[in-house]
Amino acid sequence: MAIEVKIPTILRTYTGGAKSVDAKGDTLSALIDDLDANHAGLKGRLITEDGNLHRFVNIYVNDEDVRFTGSLETALSDGDAVTILPAVAGGSR
Amino acid sequence: MLRIDREIYDEIVAHARRDHPDEACGIVAGSEGSDRPTRFVPMLNAARSPTFYEFDSADLLALYKELDANEEEPVVVYHSHTATEAYPSRTDISYASEPNAHYVLVSTREEQSTEFRSFRIVDGVVTEEPVEIL
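Going down the list, the sequences are from chains A and B.
If you count by the numbering used here, then the first sequence holds residues 708 to 800, one letter each, in order.
If you count by the numbering used here, then the second sequence holds residues 15 to 148, one letter each, in order.
A hint or two may mislead.
Listed next, the in silico DSS-like pairs over lysine-lysine satisfying Cα-Cα at most 27 Å (straight line) [to be verified]:
id, chain 1, residue 1, chain 2, residue 2
1, A, Lys713, B, Lys79
2, B, Lys79, A, Lys726
3, B, Lys79, A, Lys731
4, A, Lys713, A, Lys726
5, A, Lys750, B, Lys79
6, A, Lys750, A, Lys726
7, A, Lys750, A, Lys713
8, A, Lys713, A, Lys731
On the chain B side, residues computed to face chain A include the following (Cβ under 10 Å) [unchecked claim]:
id, residue
9, Ala61
10, Arg62
11, Ala76
12, Leu77
13, Glu87
14, Pro88
15, His95
16, Ser111
17, Glu142
18, Val145
These are computed hints drawn from the structure, not numbers from a lab.
Positions of the beta carbon are idealized from the N, C-alpha and C atoms, including for glycine.
Construct the entire structure; sequences and hints are all you get.
As structure tokens, then:
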């Protein structure tokens, strides 16, 4: 089961420069473990130490922000497309 | 150094003035690898706040799809500070994650004059750079 994962510029150091890679998993959590197995270190950039999605990144499954679809428990199936993007945010404090 | 057209510079300042006292935000896109900001793209500050800005997550995805299709990248990522200086805050630094982008900060705290400064933010390190208006 292959799922295409789009990788943002800042994380391409983990994928040898590739803009997208294939990964597998029936949930987002499993997919991220699989990604990390092939691109060591990537998981730490997506998930915090206490196991939640990092606030600095947005992950989409088929154009839906996973924060609205069950976060790391979001179910995946063959042919789904996953996009990882850095959040663009900041502020004066 | 950031080299930017006068017209785009003026649009960024106008956007910051228009949204004052809330923070304004957006990007200027350019061809991948060109380092030339050519397409002004104002974004909605989903936080609508005088101290915080964020791109709406659906807007962000739509923006990156458009950039991808055009073989563009965000050459400039800009936002305004409306009561403090045009210098990246700790929050700005923690979120900065476009290693190739020029981070432009505009301060609208003074009514008569607008501060416009540009920075590189890589791995948490801020480096100010000169701005040349073309």
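Outcome of the hint check:
{"no.": "1", "hint": "A/Lys713 - B/Lys79", "in the structure": "holds (11 Å)"}
{"no.": "2", "hint": "B/Lys79 - A/Lys726", "in the structure": "holds (13 Å)"}
{"no.": "3", "hint": "B/Lys79 - A/Lys731", "in the structure": "holds (23 Å)"}
{"no.": "4", "hint": "A/Lys713 - A/Lys726", "in the structure": "holds (6 Å)"}
{"no.": "5", "hint": "A/Lys750 - B/Lys79", "in the structure": "holds (24 Å)"}
{"no.": "6", "hint": "A/Lys750 - A/Lys726", "in the structure": "holds (17 Å)"}
{"no.": "7", "hint": "A/Lys750 - A/Lys713", "in the structure": "holds (14 Å)"}
{"no.": "8", "hint": "A/Lys713 - A/Lys731", "in the structure": "holds (13 Å)"}
{"no.": "9", "hint": "Ala61", "in the structure": "holds (8 Å)"}
{"no.": "10", "hint": "Arg62", "in the structure": "violated (12 Å)"}
{"no.": "11", "hint": "Ala76", "in the structure": "holds (9 Å)"}
{"no.": "12", "hint": "Leu77", "in the structure": "holds (9 Å)"}
{"no.": "13", "hint": "Glu87", "in the structure": "holds (7 Å)"}
{"no.": "14", "hint": "Pro88", "in the structure": "holds (8 Å)"}
{"no.": "15", "hint": "His95", "in the structure": "holds (4 Å)"}
{"no.": "16", "hint": "Ser111", "in the structure": "holds (4 Å)"}
{"no.": "17", "hint": "Glu142", "in the structure": "violated (16 Å)"}
{"no.": "18", "hint": "Val145", "in the structure": "violated (19 Å)"}
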